[in-house]
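> As a plain string of letters, each chain reads:
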Amino acid sequence: MLSQRKILVVEDNVINRTMLCEILSGQYQVLQAENGQAALSVLKENGDQISLILLDIMMPIMDGYTFLSIVKADKALSAIPVIVTTQSDGESDEVAALSHGASDFVAKPYKPQVILHRVASIINLRETAAMMHQVQYDRLTGLFTKEFFYQRVKEILLRNPNRSYDIICSNIDNFKLINDIFGMPAGDQLLRIVAELYIKKVGDKGICGRFNADQFICLLEHRETYTDSLFIQASEQINSLSSAKNIMMKWGIYEIVDRTISVEKMCDRALLAARSIKGQYGKFCAAYDDELRSKLLQEQAITDGMEAALKEGQFEIYLQPKYRIKDDKLAGAEALVRWNHPKWGMQSPGLFIPLFERNGFITQLDQYVWNQACATLRDWDDRGFDPLCVSVNVSRADIYNTDLPDFLLEMVRRHGLSPARLHLEITESAYTENPHQLIETVAHLREVGFVIEMDDFGSGYSSLNMLNNLPIDVLKLDMKFIQSETAKPINQGILRFIMSLARWMNLSVVAEGVENRDQLERLREIGCDYVQGYYFARPMPCGQFEALLQEHGASVQEEYLQTEPRYDQGAPVLLVADEDAAYREQVKRVFEGRYQVVEAPDQKAACQCFSDCGHRMAAVILSMTLPEQGSMTVLEAMMREKHSRHIPIIATGIQDPLLEEQALEAGADDYAAKPHHQKSLWKRVHRAMDLTASRERERRLQDEVYRDYLTGLLNRRGFDSVMETLQQEHLPFAVILFDINQLKYINHTFGHDQGDRLLMQFGEILRSSTRGGDILARYGSDEFVLVVKQMRNENAVLAKGREICQAFLSGCRQNAISASCSAGIVIADAGTAMDTVMKRTSLALTRAKASGQGGCCLWKE
Amino acid sequence: MKTLKEAMEAYGADYGVTMARFMGNETMYLKFLDMLFRDDNLQKLGEALQKGDLTRAFEAAHTLKGVVGNMGLTPLFRAVCAIVEPLRAGEAREDYSAMYQEVVTEFEKADELRRSLKEGEQA
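Just so you know, the protein sequences line up as chains A and B, in that order.
Going by my numbering, the first residue of the first sequence is number 164, and it counts up by one from there.
Going by my numbering, the first residue of the second sequence is number 21, and it counts up by one from there.
FYI, nobody ran anything at the bench for these hints, they're computed from the structure.
In this text, all values refer to a predicted model and were calculated from it rather than measured experimentally.
One thing to keep in mind: the hints can contain errors.
[What the hints assert, rightly or not] Where chain B lies over chain A, by a calculated footprint (3+ residues, C-beta under 8 Å):
hint : segment
1    : 267-275
2    : 902-916
[To be verified] Keeping only pairs whose Cα atoms sit at most 35 Å apart, straight-line, the calculated DSBU-like set for lysine-lysine is:
hint : chain 1 : residue 1 : chain 2 : residue 2
3    : B       : Lys51     : A       : Lys274
4    : A       : Lys846    : A       : Lys751
5    : A       : Lys492    : B       : Lys129
6    : A       : Lys842    : B       : Lys138
7    : B       : Lys25     : A       : Lys271
8    : B       : Lys64     : B       : Lys129
[To be verified] Here are the simulated distance ranges between beta carbons:
hint : chain 1 : residue 1 : chain 2 : residue 2 : range
9    : B       : Asp34     : A       : Lys317    : 33 to 39 Å
10   : B       : Glu114    : A       : Ala239    : 51 to 57 Å
11   : A       : Val298    : B       : Met48     : 39 to 45 Å
12   : B       : Thr75     : A       : Lys169    : 41 to 47 Å
13   : B       : Thr75     : A       : Met347    : 41 to 47 Å
14   : B       : Asp34     : A       : Gln212    : 34 to 40 Å
15   : A       : Lys317    : B       : Arg108    : 35 to 41 Å
16   : A       : Ala259    : B       : Arg135    : 39 to 45 Å
17   : A       : Ala259    : B       : Met48     : 39 to 45 Å
No residue lacks a Cβ here, since even glycine has one placed at the ideal position from N, Cα and C.
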């Protein structure tokens, strides 16, 4: 049983009060108060739990009328029903009580059955009303709920058969994101703002409701035209009121032309119209019209036919060749899907893939494509063709829906293929709902040997952060991105930056959608590895691809066939430098397969190996007893060179604490005393490699955090951190703060591309006009800072500042851009806090600006 | 020993209606009857009338009316009703003390009822 309902009895006379309590206590929990004042304090404590109040009118201290007025004026309490107890001696009390807001009255002498009955029925009435209210009104916004909205629309349409109506609804495109970023309270606030707008705009011309989350709807009297500006205005109003800006509202309109369809369907049509422009920039509203109708019908037809199509083999695999730029050789293929429909003919994936992604069928189709790709590879292998790799798409749903790694492993095994033959293209997005799961799954896939390609990089919402977190092998650049990028001058642009980023992260790069020679040359020049696009070949049926393969062969098999696959490198090298040939042989037997094991019997051979394949060196197993003290020479040489400093080294030798200490101090990561089991060596090598890799990751992350992505200079955080490390010997130093004067104007007038170009240009000037030891940073959006260490000569600093400003000015003039920069300069001594230095610098900058653009000013007291 | 029913009917109260109010629980009725004789409204009524404070007198009489009504003490209830109405109207009358006396008399009769029940209990 639910807990008993609570009733408050307010009555001054103890006999009457006790009697009422006796009557009620069988069915209710009774609270008592002996006057209005006491009753108010009981309500303060238990207000929301009290189902009913029984109130006597004549009481000392605070009488019943006063109590009633207070309770009815209080929003939190006014809904509690009150029954007044009166004497049966005249109507006046009863009328007065009812007019003060009492729900009913009971007369003395008490009739227990009557009291119980009235109490029960009034409680019931009130609870039903509260429930109805909850069912009818959305608790957050006070608008009608979905069900009640439907019901009201039905009534209105029935009552007004001759009047025309429209249904208008809206969605917030990025509502989930707003909830995520700003939190639920902000999301709720936004919903209330939208509701208020609806109420205001609709007024008494219609009714409004909220369906779910961010879906609002209203019924309005029909109007002939709806203009974009109407909706833009509404969106702007919402944006101006909400704490989250950049809210994207999409509106859908359905004119009720057919009253025979259900109201639910009418609302659906408005919602479908709104959904049809989801994610489309610059589209604000859409009406449900014939075009949308036929599109939806077509989608319905696709949905109806998809299962059968899969069974009947209507989906066909097409392969688009990938070429290696270095030698223009065929290097692989991407498997794409086409739908060869018996009636409609060949269908482009753009037509059905997005729909399949929405309705979940994509998972089945993807699995079909993977299987077909594997079968094709198996067939080629059996016929002795070059063992190419094929990349396939992995949709987001695949990652969340299935036990993907097991499924894929089982599949390649069934076809007798190594996982490395199947490259998995994964589309990344910063708006990934569950990035953790994505990262985990992808890491697992890569661990078991699949090659991971990040698809569509550079389009949509790619994020550098994701790039850092997702363990991938290949970066696929989106064609649209390349098309606009190659149009820009050669030494500007982000493409080069992405290439260097990829190099630095050890990723190879595939450019897709390459359509002309210029693009190819540009990609070749910046060092892109692979290309794919119409310039080379369109996607083609497997048979056609096979002919191509037979004719030209593929050139890259050895790269692809590694157990530990990498595009751009051979197998990782494990160097075993040991005077004992038998020991070397042992190591070779254990590590071969996963590594290319290179043997060196002495110091000379070891050093030769570094120059041959130093960049592929995964680890070194170094005997501490090489002939002629060679071991220490090798260690010292490795520590000296930047590229070999981080290679894990396992030193080996006899059990000797002194030798062990010597090795570790010279830079070895571990010491394995001989004799040892090879298994323990295997473990030690991998532990050392893991450690190195995690240190490396940390360093990269740190670097990314401290760099300005646009100019490659330090960012503000990096600058602060570097300044903290300045030593006494660097003092005094000069700080020059530059400000590009018209950046905002340029961004606004010519677009951010132009502004960004200007910033990069300034970064370049700064780099070329300074020395290696100087500190350079992008300090703010249009501010740069240069720190010259050990500098006390004011004139020299001023000259440097002017030189840079001048160089920027003339660069801008050449390009007919009217931009200039100003500089504020401070020479900082020991004992001046960095804050103060920067404050003075910016004061000097203000003075420089005031004295005319393009000027420099040295700070003086 | 008289039963409660016999005693009440001898006094002039409606046993059936009254006991329904107490859910047939005689012990509870007796408890309330005791409480009635500890109630100070009769005293308040007398004092107020002596001072000529008709408002206070009405309040006391009104409460008393409710209580004795609930107790089903019909003769006493009638006597209280007789004084409540002119007091409610605020009429200045000479016969309040006579009416009050009537109430006191009836009150005593009711007390006799109570005592007779107590004796019965003791016997």
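> A separate judgement is required for each hint: does it hold in the structure or not?
How the hints compare with the structure:
1. 267-275: This one holds; 5 residues, not fewer than the three required, reach chain B with a Cβ under 8 Å.
2. 902-916: violated (count 0)
3. B:Lys51 with A:Lys274: 19 Å, holds
4. A:Lys846 with A:Lys751: Holds: Lys846 (chain A) and Lys751 (chain A) sit about 15 Å apart, inside 35 Å.
5. A:Lys492 with B:Lys129: Roughly 124 Å separates the two Cα atoms, so the pair is violated.
6. A:Lys842 with B:Lys138: Since the Cα atoms of Lys842 (chain A) and Lys138 (chain B) sit roughly 102 Å apart, the hinted pair is violated (cutoff 35 Å).
7. B:Lys25 with A:Lys271: 22 Å, holds
8. B:Lys64 with B:Lys129: Since the Cα atoms of Lys64 (chain B) and Lys129 (chain B) sit roughly 19 Å apart, the hinted pair holds (cutoff 35 Å).
9. B:Asp34 with A:Lys317: 33 to 39 Å: 57 Å, violated
10. B:Glu114 with A:Ala239: 51 to 57 Å: 52 Å, holds
11. A:Val298 with B:Met48: 39 to 45 Å: 43 Å, holds
12. B:Thr75 with A:Lys169: 41 to 47 Å: 35 Å, violated
13. B:Thr75 with A:Met347: 41 to 47 Å: 58 Å, violated
14. B:Asp34 with A:Gln212: 34 to 40 Å: Holds, at about 38 Å.
15. A:Lys317 with B:Arg108: 35 to 41 Å: Check failed, 55 Å falls outside 35 to 41 Å.
16. A:Ala259 with B:Arg135: 39 to 45 Å: Holds: the Cβ-Cβ distance is about 41 Å, inside 39 to 45 Å.
17. A:Ala259 with B:Met48: 39 to 45 Å: 32 Å, violated
Hints 2, 5, 6, 9, 12, 13, 15, 17, counting from the list given before, are not met by this structure.
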